[in-house]
Amino acid sequence: MAEPALSIRGLTKVYANGFEALKGIDLDVAQGDFYALLGPNGAGKSTTLGVVCSLVQKTAGSVSIFGIDIERDFARAKYHLGVVPQEFNFNQFEKVLDIVLAQAGYYGMSRRVALPRAEELLRDLGLWDKRNGTAMMLSGGMKRRLMIARALMHRPKLLILDEPTAGVDIELRRSMWSYMRRINREEGTTIILTTHYLEEAESLCRHVGIINHGQIIRNTSVRELLAELDTETFLFDLDKPLNYTPSIQGFEVHQVDAAQLSVAVQRGQSINDIFAALSEQGIRVASMRNRANRLEEMFVSMVEDGRAESHEKGGRS
Amino acid sequence: MNFTQTAVALWTLVAKEIRRFTRIWPQTLLPPSITMTMYFIIFGNLIGARIGEMDGYSYMDFIVPGLIMMSVITNSYSNVASSFFSTKFQRSVEEMMVSPMPNWVILSGFVLGGMARGLGVGAIVTVVSLFFTQLTIAHPLLTLLVIVLTSALFAVGGFINALLGKKFDDISIVPTFVLTPLTYLGGVFYSISLLPDFWQSVSMLNPILYMVNVFRYGFLGVSDIPVGWALLAIFAFIAVLFGLALWMLENGKGIRS
Numbered sequence: 001m002a003e004p005a006l007s008i009r010g011l012t013k014v015y016a017n018g019f020e021a022l023k024g025i026d027l028d029v030a031q032g033d034f035y036a037l038l039g040p041n042g043a044g045k046s047t048t049l050g051v052v053c054s055l056v057q058k059t060a061g062s063v064s065i066f067g068i069d070i071e072r073d074f075a076r077a078k079y080h081l082g083v084v085p086q087e088f089n090f091n092q093f094e095k096v097l098d099i100v101l102a103q104a105g106y107y108g109m110s111r112r113v114a115l116p117r118a119e120e121l122l123r124d125l126g127l128w129d130k131r132n133g134t135a136m137m138l139s140g141g142m143k144r145r146l147m148i149a150r151a152l153m154h155r156p157k158l159l160i161l162d163e164p165t166a167g168v169d170i171e172l173r174r175s176m177w178s179y180m181r182r183i184n185r186e187e188g189t190t191i192i193l194t195t196h197y198l199e200e201a202e203s204l205c206r207h208v209g210i211i212n213h214g215q216i217i218r219n220t221s222v223r224e225l226l227a228e229l230d231t232e233t234f235l236f237d238l239d240k241p242l243n244y245t246p247s248i249q250g251f252e253v254h255q256v257d258a259a260q261l262s263v264a265v266q267r268g269q270s271i272n273d274i275f276a277a278l279s280e281q282g283i284r285v286a287s288m289r290n291r292a293n294r295l296e297e298m299f300v301s302m303v304e305d306g307r308a309e310s311h312e313k314g315g316r317s
Numbered sequence: 001m002n003f004t005q006t007a008v009a010l011w012t013l014v015a016k017e018i019r020r021f022t023r024i025w026p027q028t029l030l031p032p033s034i035t036m037t038m039y040f041i042i043f044g045n046l047i048g049a050r051i052g053e054m055d056g057y058s059y060m061d062f063i064v065p066g067l068i069m070m071s072v073i074t075n076s077y078s079n080v081a082s083s084f085f086s087t088k089f090q091r092s093v094e095e096m097m098v099s100p101m102p103n104w105v106i107l108s109g110f111v112l113g114g115m116a117r118g119l120g121v122g123a124i125v126t127v128v129s130l131f132f133t134q135l136t137i138a139h140p141l142l143t144l145l146v147i148v149l150t151s152a153l154f155a156v157g158g159f160i161n162a163l164l165g166k167k168f169d170d171i172s173i174v175p176t177f178v179l180t181p182l183t184y185l186g187g188v189f190y191s192i193s194l195l196p197d198f199w200q201s202v203s204m205l206n207p208i209l210y211m212v213n214v215f216r217y218g219f220l221g222v223s224d225i226p227v228g229w230a231l232l233a234i235f236a237f238i239a240v241l242f243g244l245a246l247w248m249l250e251n252g253k254g255i256r257s
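Which chain is which? The protein sequence lines are W and Y, in order.
The letter at position 64 of the first sequence is residue 64 when you use my numbering, and the numbering goes up by one with no holes.
The letter at position 210 of the second sequence is residue 210 when you use my numbering, and the numbering goes up by one with no holes.
Since the hints were made in silico from the structure, they are not lab data.
One thing to keep in mind: the hints can contain errors.
Said to hold, decoys possible - Per label pair, the in silico range of CB-to-CB distance: (1) Y:24 <-> W:15: 33 to 41 Å; (2) W:113 <-> Y:104: 22 to 30 Å; (3) W:23 <-> Y:182: 46 to 54 Å; (4) Y:240 <-> W:136: 38 to 46 Å; (5) Y:24 <-> W:30: 42 to 50 Å; (6) Y:46 <-> W:15: 53 to 61 Å.
Note that CB positions come from ideal geometry on N, CA and C, so glycine has one too.
Chain Y extracted, bound-state conformation:
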């Protein structure tokens, strides 16, 4: 395929993915907006007023970046996992496999589609947060870079999950038993400086902690961990997972008999 044809194929896939999640917006865009509004009201407003400050900021200001990040992670992941698994389940993945579209385009199309939903939901949550606090962004470019990279990383993760999944249960196990606990323990609601030394060290093994902290640094200018290292870790994770997903596609893992 030449450059124009490749661009057309990629856009076809991305547009199809965007059409899919916007068509079913009551399942994809509405629930995270409502859930996050609840978080802002209950944790930010009601409980947060009693907690006072965290790392020198009001509790509401502290949790806003974490909650935006949580929405982006969950939605980027689950969009690709459920969309690609449905494609496998309905066998419409064969439409792509018989076409001359390169595997990297198939992977990128789904990942960009997942990012569109993740970042879209992130934008909605950001708008909702403006009803509860005045957002200030200390480092706008860094904030944007981190959220885009994190979204890409989890979208690729969702793709691998869908490739490996054999039944619908398989694509809900990782979000429920891995992503949610890691996100909650990743410093969304608290600073890890509150933890005893041992649990601080354990927390450092949680990759989501790095993303939440760098993102919060972008907003507030404070972080529990070095920003440079965190960015490097995100880049490394993306490279490894993208390579793995591509290798699996090239070898037909989960899609060819």
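Bound-form chain W, shown alone:
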């Protein structure tokens, strides 16, 4: 069996102020996977990835990249790794082309080899026309794409993206998704993504890990996770406002406003029954949609369960 692209065992991180950010994380990401690491702010996502990228010093545990223990041969492991961090981390006064060429140079790529690669990536990511401008002249979305181009210069087999589409408009986000899908599918690049846009994770990723309070609370396929979803909430936009909340037998109905109803649908129930009940009451539906995307509902319920659990534990101590 092929070595996992990333294997983490018993990873612990205690910061100097005593805060235990990671409490013994175990995680495997298979080669070629598109993996989402999800969790609320402060859950430990960036710390985990920081250790993998050598930006954070671990307290205990082990990390292997394509079977190479970072403790033993970090330099060799780093050749397989490309990193797109959450914050912009390039010199704003440098030219776009110089930034990507310098990164290639740090990996030992000569300018002769790096220049065509830089052109290919900057063209793919729509930055070739900006190559001679300084990075500070780029828009937020362009800066994010510049970091993706920089991370891919040395053709890493594992790409880590820490909130790559934060603050990026929808159109650009979708074009970045299609680019990430392409390199995952065509070049076989394993991608690990953290994001707060759960629609992004649901749309792109095959597997998902949910981290909360420094522990992995779920690690499974997106499909399996969604199959566990017991309840989905749908919003019904009505063609006329109502001054009462209609009742539908077997469903929990809330009136969001005069012209919108929110209905919770349990697994096994049919949306057809809602339409039928509303029609019987002379209520016409103009449109319908999910209140949140499905992964988001699952994520929120799991994180809230975790929160309730930790409150209970806190109450006992």
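Starting from the structure of chain W, add chain Y where the hints point.
Same frame as chain W, now just chain Y:
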């Protein structure tokens, strides 16, 4: 990394550093040239004419080596201190940390970049001095060796300062309150033989005195202190500071949480 890859990585870093200080030449290369021209005019020409000879040489000839050395020290130090601190501040140090580049290459790249600026400014000041005096160099190889070693030493010092610095103020404290006084008191403008015995002994604790004197020996063939000891001291300082800087990098001091 194999030898070629390491050489490419090192050159990438050095070229980047050289590109940085040449791009902002009005901040990096022009000011020291103007300041040193002022020193030559005021101290060398106007006041120096009244002082007469120092250690058997005209005052202008006496201060030229010291002023070149002062420029090299200040610029080698401040180039690395400000460049590496900015790299930390803008987090672009992460570009290097995630790469397979060994720590000694990162350190050497910044140090060589700092030396390029220090020695570049030294060359400019030397050219400026030719408008005021005729330079003769008694021991050219020794002169070159001392200036290169001194530049390396202070570039490493600047790197350590930047690693330890948490805010921009932290990288101006050492040049202002340590380097400048030690340089002025390091025999740039006077021979320590003019001082009373007690202050001569105190001056011997100043490392910059040794560098200025050996450098002046290279030019004029006169020194207040033994040349061999001074060279040994410079080598020892470089070895200790380079080792310390490397240890700090390996352990992520100032750059890893």
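Next on the checklist: Against the range 33 to 41 Å, how does the distance between the Cβ atoms of residue 24 of chain Y and residue 15 of chain W compare: consistent or not?
Outcome noted: holds (36 Å)
Item to check | Consistency of beta-carbon spacing, residue 136 of chain W to residue 240 of chain Y, with hint 38 to 46 Å | outcome: holds (39 Å)
Checklist entry - Range hint 42 to 50 Å: satisfied by the CB atoms of residue 24 of chain Y and residue 30 of chain W? => result holds (48 Å)
Item to check | Whether the CB-CB distance between residue 46 of chain Y and residue 15 of chain W falls inside 53 to 61 Å | outcome: holds (59 Å)
Next on the checklist: Verify the CB-CB distance for residue 23 of chain W and residue 182 of chain Y against the hinted window 46 to 54 Å.
Outcome noted: holds (50 Å)
Next on the checklist: Given a hint of 22 to 30 Å, does the C-beta separation of residue 113 of chain W and residue 104 of chain Y actually sit inside it?
Outcome noted: At 24 Å between Cβs, range holds.
Of the numbered hints given earlier, the model fails none.
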